[in-house]
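Visitor: The residues making up each chain are set out below.
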Amino acid sequence: MNPMDIIIPVLTLTILGVAFGIGLAMASKKFCILMDPRIEEIYKHLPGANCGACGAGGCMGFAEALIHGTCTIDRCSGIKEEAQKEISNILGIELKARIKQVAILHCHGGNKRAKDKFIYAGIEDCTAANLVMGGPKACRYGCIGYGSCVEVCSFGAITMNDEGLPVVDEEKCTACGNCILVCPNKLFTLEPTSKIYSIRCKSLDMGKAVMDACSVGCIGCRKCEKACPVNAIKIIDNLAVIDYEICNNMGKCFEACPTKTIGRKKK
Amino acid sequence: MEIGKLISIAISMIFINNFILSKFLGLCPFLGVSKDMKPAISMGFAVIFVMTSSAIITWGLYNFILIPFRIEYLRTISFILVIGAFVQFVEMVIRKTSPPLYKALGIYLPLITTNCAVLGVTVLNSNDFFSSGGAVAGSFVYAVCQAFFAGIGFMLALIMMSGIRERLELIDVPESLKGIPIAFIVASLMSLAFMGFSGFKL
Ligand code: SF4
Ligand code: SF4
Chain C
2 MNPMDIIIPV LTLTILGVAF GIGLAMASKK FCILMDPRIE EIYKHLPGAN CGACGAGGCM
62 GFAEALIHGT CTIDRCSGIK EEAQKEISNI LGIELKARIK QVAILHCHGG NKRAKDKFIY
122 AGIEDCTAAN LVMGGPKACR YGCIGYGSCV EVCSFGAITM NDEGLPVVDE EKCTACGNCI
182 LVCPNKLFTL EPTSKIYSIR CKSLDMGKAV MDACSVGCIG CRKCEKACPV NAIKIIDNLA
242 VIDYEICNNM GKCFEACPTK TIGRKKK
Chain Y
690 MEIGKLISIA ISMIFINNFI LSKFLGLCPF LGVSKDMKPA ISMGFAVIFV MTSSAIITWG
750 LYNFILIPFR IEYLRTISFI LVIGAFVQFV EMVIRKTSPP LYKALGIYLP LITTNCAVLG
810 VTVLNSNDFF SSGGAVAGSF VYAVCQAFFA GIGFMLALIM MSGIRERLEL IDVPESLKGI
870 PIAFIVASLM SLAFMGFSGF KL
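If you're matching them up, the sequences are chains C and Y in order.
Take this note's numbering: the last position of the first sequence gets the number 268, and nothing is skipped along the way.
Take this note's numbering: the last position of the second sequence gets the number 891, and nothing is skipped along the way.
The hints are simulated quantities; they were obtained by calculation from the structure and are not laboratory data.
In silico lysine-lysine, DSBU-like type, Cα no more than 35 angstroms apart, as pairs:
#	chain 1	residue 1	chain 2	residue 2
1	Y	LYS727	C	LYS31
2	C	LYS31	Y	LYS792
3	C	LYS266	C	LYS101
4	C	LYS187	Y	LYS724
Please take these sequences and the hints and turn them into a complete structure.
Guide: Now the structure itself:
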C-alpha cells in the first residue's frame with residue numbers, strides 16, 4: 002500500500018478544516034457584533050438549567066429578555082436569592098421580596114399505609130401505571146409511587162422514601178412546578194414555605210371507602226373544620242382543604258384530625 | 690446542456706423525487722417549522738439559498754480537490770465541513786449586514802447547518818453529474834439547477850404542510866393525536882400522494 006494513500010486524504014482534510022477554521026475566525030472578527038456585556042454577566046448568575054419555565058428559549062434568552070425589559074427576574078424560579086440580588090444590581094433595579102414556595106405532596110399513603118388493588122407489572126412510570134385502572138393502589142387519588150416526579154425534577158429535590166413516597170427537599174426545591182405537571186394524580190401544589198400544616202390526602206371518596214383503602218386518608222369528618230379558630234379549613238367534596246391566605250400555623254387541626262391526615266413540617 | 694434536461698431535472702426534483710416526501714430527507718425542519726405558514730416560507734427560502742450555494746461550493750471542491758487527489762470517498766465528510774462552515778459564515782454576514790433578516794430567519798439558519806437535505810443534494814449531485822470522472826461539461830449548471838429545484842421542492846412540501854397544519858389547529862382532532870402525531874399522519878398521506886408521481890418517466 003502506498004503511504005500517499007493515507008497522507009493525502011489526511012492532509013487534505015486537515016488543510017480544509019484548518020482553512021475553514023481560520024476563515025471563520027477571521028470572519029467572526031470582521032463581522033463581530035457588539036453584544037451587551039451585561040448579558041454574559043447575567044447569564045453567569047442564572048441556574049443554567051435551560052428549563053424554559055420562564056418563557057424564554059433558555060437561560061441565555063432569559064438574560065437577553067431581562068436586558069430588554071421584556072421579562073422580570075421572578076419569572077425564573079430556579080434562581081437563588083443571592084444571584085437575584087447580583088442580577089438586579091447589574092440591571093440597576095430594586096428587588097422585590099419574594100415569597101419562597103415549595104412543592105408539597107398531598108398524599109401520605111405509601112405502600113405501608115395504603116392498600117393495593119392489584120399487582121401491577123407494567124412500565125414503572127406513574128402515568129403508564131395510572132392508565133391501568135387508575136393505578137395499582139386501592140385509592141385512585143393517591144400517590145402511585147413510581148417516582149415520575151423524581152425523574153422530572155431537574156434540581157434533584159425529590160427522593161423516594163422507604164414507603165415509596167416522594168419527599169421534597171425544601172432547600173433544593175425551586176418551585177419550578179415540573180412535578181406538578183408530571184404527576185398524573187396532581188398530588189403536588191406549591192405553597193409558601195412558611196406554612197407548616199398541610200392536608201396530605203386528595204381522595205374525594207366517602208369516609209368509609211377512604212378508610213378501606215388507606216389508614217391516613219381524609220374521611221371528611223369535619224373535626225379539623227370545627228377545630229380551626231380562624232375557619233381556614235373547609236371540607237369540599239369530602240376532602241379537607243386549607244386556605245393558606247387565612248391559615249396562621251396554629252395547628253389546632255393537626256391535633257384534631259383522627260386519621261393523622263394533616264401533616265406538620267419538622268421545624 | 691439542453692433546456693429539456695433542465696426542465697426534467699426541475700420536475701423530477703420538485704415532484705418525483707421530492708426531498709421530503711419521497712426521499713425522506715430533512716424531516717426535522719419539515720415537522721418542526723411547519724406549524725405556521727410564515728416561518729415555513731422563510732425556512733423554505735433559507736434552504737433554497739443554502740442548497741444552491743452549497744452546490745456551487747461543493748462542485749468546486751469535488752472537481753478541483755477530491756477528484757484530482759482521487760479521494761472521492763471523502764466527499765461526505767468534506768461536504769459536511771464545507772456546508773457547516775458556509776452556513777456559519779452566511780449567518781455572520783447576515784447578522785452584521787441585515788439584523789431584521791437575521792431576526793426573521795432566527796433559528797432556522799443554524800438549523801440548516803446540519804440539515805441532511807442539504808448534504809443529500811450535494812451527494813446526489815456528485816453521484817449524478819460527476820461520476821463519469823473529471824468535470825463533465827455543463828455538470829456545473831445541472832448541479833446548481835438540481836440543488837435549486839430540490840430547494841423549491843422542499844419549500845413546496847413545507848408550505849403545503851404548514852397550510853394543512855394551520856387548518857388542523859381549528860378542527861376537532863382526537864385528544865391523543867393532537868400535535869405531532871396528526872402531523873406525522875398527514876405527512877405520510879402527503880407522501881403517499883407524491884408516490885403517485887413516481888410513475889413519471891422523464
Ligand atoms: S408522580 Fe405523583 S404518583 Fe408518581 S410518585 Fe410522584 S407523587 Fe406519586
Ligand atoms: S420539580 Fe417539584 S420538587 Fe423539583 S424543584 Fe420543581 S417544584 Fe420543586
